[in-house]
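Here is how the chains run, residue by residue.
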Amino acid sequence: KQEVTQIPAALSVPEGENLVLNCSFTDSAIYNLQWFRQDPGKGLTSLLLIQSSQREQTSGRLNASLDKSSGRSTLYIAASQPGDSATYLCAVEPGTYKYIFGTGTRLKVLA
Amino acid sequence: DAGITQSPRHKVTETGTPVTLRCHQTENHRYMYWYRQDPGHGLRLIHYSYGVKDTDKGEVSDGYSVSRSKTEDFLLTLESATSSQTSVYFCAISSPGGTNTGELFFGEGSRLTVL
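Protein sequence lines correspond, in order, to chains U and L. Going by the working numbering, the first sequence opens with residue 1, and the numbers climb by one from there. Going by the working numbering, the second sequence opens with residue 1, and the numbers climb by one from there.
Worth double-checking, as some hints may not be accurate.
[To be verified] Pairs of lysine-lysine, DSS-like flavour, derived with a Cα cap of 25 Å:
{"no.": "1", "chain 1": "U", "residue 1": "108", "chain 2": "U", "residue 2": "1"}
{"no.": "2", "chain 1": "L", "residue 1": "53", "chain 2": "U", "residue 2": "98"}
{"no.": "3", "chain 1": "L", "residue 1": "11", "chain 2": "U", "residue 2": "42"}
{"no.": "4", "chain 1": "L", "residue 1": "70", "chain 2": "U", "residue 2": "98"}
{"no.": "5", "chain 1": "U", "residue 1": "1", "chain 2": "U", "residue 2": "68"}
{"no.": "6", "chain 1": "U", "residue 1": "98", "chain 2": "U", "residue 2": "42"}
{"no.": "7", "chain 1": "L", "residue 1": "57", "chain 2": "U", "residue 2": "1"}
{"no.": "8", "chain 1": "U", "residue 1": "42", "chain 2": "U", "residue 2": "68"}
{"no.": "9", "chain 1": "L", "residue 1": "57", "chain 2": "U", "residue 2": "98"}
{"no.": "10", "chain 1": "L", "residue 1": "57", "chain 2": "L", "residue 2": "11"}
The hints are simulated quantities; they were obtained by calculation from the structure and are not laboratory data.
Please put together the full structure from these sequences, using the hints given.
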């Protein structure tokens, strides 16, 4: 059974710091991996989608990488800002269109 | 933003009553999903649909049923609500094909409280 883990569960950093969020999964046979942001009381916003043939995706200050063989993905946030404070979730899709989610990392960026 | 509307957004009901949550999309996406989100458990798939009248169970489907009579609407029904079904329910959509095939988009959520 595929399991997705995100460590740490919570993280506080000063504004301006570059940071890395981690996502690990137990079964390397995945098709897609997607990173989301969730603000309190809100739905999930898609940040980046990495498909099986890709190793990374970039959007603005965000870069996500995928290493299927090691069962890991990282989300890199450059020059963090207080507006980046949110919960970040990763999810893997094993080719069945059913995504499996991690429990997220709650990020707080201090001004 | 993906055109996904969930209704109602908030509902308080009593144990034993039926509840229906509605998800409406304007994106013509083939796949639709219902997830629940609970502290300590993250997001868990309840049911999903891969086309009109085509549905299947997720990992936490007991006590829930779904229906999809039109591409744009996916209904989640709790036949007899229990306190353990107090949660935030999210609808999501995705589609095969295209540049970002399978990308998942979410609605704003429906908060259900069962007393």
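Outcome of the hint check:
{"no.": "1", "hint": "U:108 to U:1", "result": "violated (32 Å)"}
{"no.": "2", "hint": "L:53 to U:98", "result": "holds (18 Å)"}
{"no.": "3", "hint": "L:11 to U:42", "result": "holds (16 Å)"}
{"no.": "4", "hint": "L:70 to U:98", "result": "holds (21 Å)"}
{"no.": "5", "hint": "U:1 to U:68", "result": "holds (16 Å)"}
{"no.": "6", "hint": "U:98 to U:42", "result": "holds (21 Å)"}
{"no.": "7", "hint": "L:57 to U:1", "result": "holds (16 Å)"}
{"no.": "8", "hint": "U:42 to U:68", "result": "violated (30 Å)"}
{"no.": "9", "hint": "L:57 to U:98", "result": "holds (10 Å)"}
{"no.": "10", "hint": "L:57 to L:11", "result": "holds (24 Å)"}
Of the numbered hints given earlier, the model fails hints 1, 8; all others are met.
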